[in-house]
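Protein chains: 2
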Amino acid sequence: MKIIVDAFGGDNAPLEVLKGCERAVKELGVKIILTGSSSKIKECAAHNGISLNDIEIEHTDDVFDIHEEPKEIIKSGKNTSMAVGLQLLGDGKGDAFVSAGSTGALVMGATFIVKRIKGIKRIAPSPVMPADKGGFILTDAGANTECRPEMLVQFAVMGSAYMEKVMGIENPKVGLLNIGAEDTKGRDLEIETYKLLEKSGLNFIGNIEARDIPKGECQVVVTDGFTGNIALKLYEGMGSFFGKKLKWIFSGAGKIGALFSLGKINKLKAQMDYRETGGSALLGVRKPVIKAHGSSDAKAFFNAVRQAKKCVEGDVVGVIESYVSDMAETVKE
Amino acid sequence: MKIIVDAFGGDNAPLEVLKGCERAVKELGVKIILTGSSSKIKECAAHNGISLNDIEIEHTDDVFDIHEEPKEIIKSGKNTSMAVGLQLLGDGKGDAFVSAGSTGALVMGATFIVKRIKGIKRIAPSPVMPADKGGFILTDAGANTECRPEMLVQFAVMGSAYMEKVMGIENPKVGLLNIGAEDTKGRDLEIETYKLLEKSGLNFIGNIEARDIPKGECQVVVTDGFTGNIALKLYEGMGSFFGKKLKWIFSGAGKIGALFSLGKINKLKAQMDYRETGGSALLGVRKPVIKAHGSSDAKAFFNAVRQAKKCVEGDVVGVIESYVSDMAETVKE
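If you're matching them up, the sequences are chains D and H in order. Quick note: the first sequence uses my numbering, first residue 1, plus one each step. Quick note: the second sequence uses my numbering, first residue 1, plus one each step.
Treat the hints as calculated values from the structure; they're not laboratory data. One should not assume that every hint holds.
Note that identical chains are pooled: a pair holds if it fits in a single copy or bridges any two copies.
Said to hold, decoys possible - Straight-line C-alpha distance at most 20 Å; calculated SDA-like pairs for lysine to any residue:
| no. | residue 1 | residue 2 |
| --- | --- | --- |
| 1 | K199 | P149 |
| 2 | K264 | S240 |
| 3 | K26 | E56 |
| 4 | K247 | K267 |
| 5 | K93 | K173 |
| 6 | K165 | G201 |
| 7 | K185 | D65 |
| 8 | K31 | E56 |
| 9 | K185 | H67 |
| 10 | K2 | K247 |
| 11 | K247 | G216 |
| 12 | K133 | K244 |
| 13 | K255 | G119 |
| 14 | K269 | D91 |
| 15 | K299 | Y274 |
| 16 | K40 | G263 |
| 17 | K2 | D91 |
| 18 | K2 | V324 |
| 19 | K269 | R116 |
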């Protein structure tokens, strides 16, 4: 299996990308194609003693600027490490693509270069997030700010396929993010989506209120990209806030106190560590595309490659395709 | 000053309501009118040794059921402790009203019984929430799921008046909750609201991303009621999740460890305690109405009464009225 990796996406490129890929080659038995400046990659590898065994380089001069308008990925950004990676994927030169670059550009590029699965209306970046009873996928987490009910149903279908095939959750529970439990709650979008999800054949458990998300009551949380992005970032922000508070509590004299709870503190840290799940799957693309977190380190890149591999092995794309054609009759377009 | 209090709202009524009101009479020098079953109130007070000095009772037989449709407050619910309290407020028999009953019913009842401030389009339940650099008001936190830009501008105006007059924050910073910092981000709602806020004369600092909310970077966070409710409940849910985790860390052998950080743990607890701020102000009503949290205890009720008193003293309603008439020219309706 060959995973294409954008060597110049994210805050810690290319060093952490290279370290993550080296480990992935060794431990996962995959081959890697890195996109980006060949000389810089080789220099960085040599300088840090990183092996490039089973790692090819596809040279590109440019890097897509995170502040650039997303649509430029298919215009002025054609020769960037991200666009070239997507093109290689579209051309069948690799099985999946990983990048820690701009989410907007990646969604735009995936849509127009790799293309969507037949019947899928929109691509949804969908991270797996930590929760008390285990992770859940949040879909859409930010791409589609205005949605129609059919789109949310597709997100639910894709999220379910992902949780089943990549995360190994049988018959994952689907919840519609809403402001109350009753089917009359929310905007027209939620009220209509509720009806469609009820007859979707998915394991739909009804509305989920935001306060129940951290409990991990369901494994697929469905919402539009605006609300999803607010939820994602608030989740991250609160996590980081409490992480800092925990550090503060265990500073000074608290350092001694921490010794009494070290096991528990480390367990909580691991549970809330976004690096464990890798990145955000761009559900709906014809080939697996993983958006790694912008601040990814080697461990996060390794896990993103592992996640890409699992997507290929579990044939998430194929499962979504068959779901969509099965559902074409039940859910009106 | 006379504060009307619904004696039968919330999970802990009437005992905790009575305790909170007894303390408010003693410490704040206010008079109270309790609405609800006279015999039950007297019995509860006698049984628990609670003084009813400076507390009048306005007898009502019924209590508004939290599961009832909000609109019933002005129909079948007319003789409930909530509706009667609102009626007394509307009739000028008291200066403010506090209830821990159904938010939906309270918004509906306030709108039709007490009425809105002239020029205000919608009433927005707006809680003050804890953050690292101090609290912020979230407006709208749940009433108006579909909003127009002018409504969000009014929420910003009302939230600013509240933070200034009740919380004592001079020139509070206003942030528009959005999925990115640039003025081109978000839905049409955010893009249009951004333009209006820029020329509003408020201390508008631009968009605020959800991950920055817990830092307390601005004191007024403006959004529609759907997004606001998701943010509010996720904030509460994450807070409760981490509260539980903290308890768990400090259980067992951790109990000893906690001794080394007791001061810090208590400081964090106090900082995140929703009971400190009282409740959610229903901004836009012609007289102050405070929605106390459903799980309020005596301390929370006491603080809700204190908050109501501050609203009266700071003339929040008057300030909003003058803001609105000043702005009528700058912000088109």
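Status of each hint after checking the structure:
{"no.": "1", "hint": "K199 x P149", "result": "within (13 Å within a copy, 35 Å between copies)"}
{"no.": "2", "hint": "K264 x S240", "result": "both (18 Å within a copy, 18 Å between copies)"}
{"no.": "3", "hint": "K26 x E56", "result": "within (15 Å within a copy, 78 Å between copies)"}
{"no.": "4", "hint": "K247 x K267", "result": "both (15 Å within a copy, 14 Å between copies)"}
{"no.": "5", "hint": "K93 x K173", "result": "neither (35 Å within a copy, 52 Å between copies)"}
{"no.": "6", "hint": "K165 x G201", "result": "within (17 Å within a copy, 53 Å between copies)"}
{"no.": "7", "hint": "K185 x D65", "result": "between (41 Å within a copy, 17 Å between copies)"}
{"no.": "8", "hint": "K31 x E56", "result": "within (8 Å within a copy, 79 Å between copies)"}
{"no.": "9", "hint": "K185 x H67", "result": "between (37 Å within a copy, 13 Å between copies)"}
{"no.": "10", "hint": "K2 x K247", "result": "neither (40 Å within a copy, 46 Å between copies)"}
{"no.": "11", "hint": "K247 x G216", "result": "between (25 Å within a copy, 19 Å between copies)"}
{"no.": "12", "hint": "K133 x K244", "result": "between (23 Å within a copy, 14 Å between copies)"}
{"no.": "13", "hint": "K255 x G119", "result": "neither (56 Å within a copy, 56 Å between copies)"}
{"no.": "14", "hint": "K269 x D91", "result": "neither (40 Å within a copy, 56 Å between copies)"}
{"no.": "15", "hint": "K299 x Y274", "result": "within (10 Å within a copy, 38 Å between copies)"}
{"no.": "16", "hint": "K40 x G263", "result": "neither (41 Å within a copy, 51 Å between copies)"}
{"no.": "17", "hint": "K2 x D91", "result": "within (13 Å within a copy, 75 Å between copies)"}
{"no.": "18", "hint": "K2 x V324", "result": "neither (27 Å within a copy, 62 Å between copies)"}
{"no.": "19", "hint": "K269 x R116", "result": "neither (36 Å within a copy, 48 Å between copies)"}
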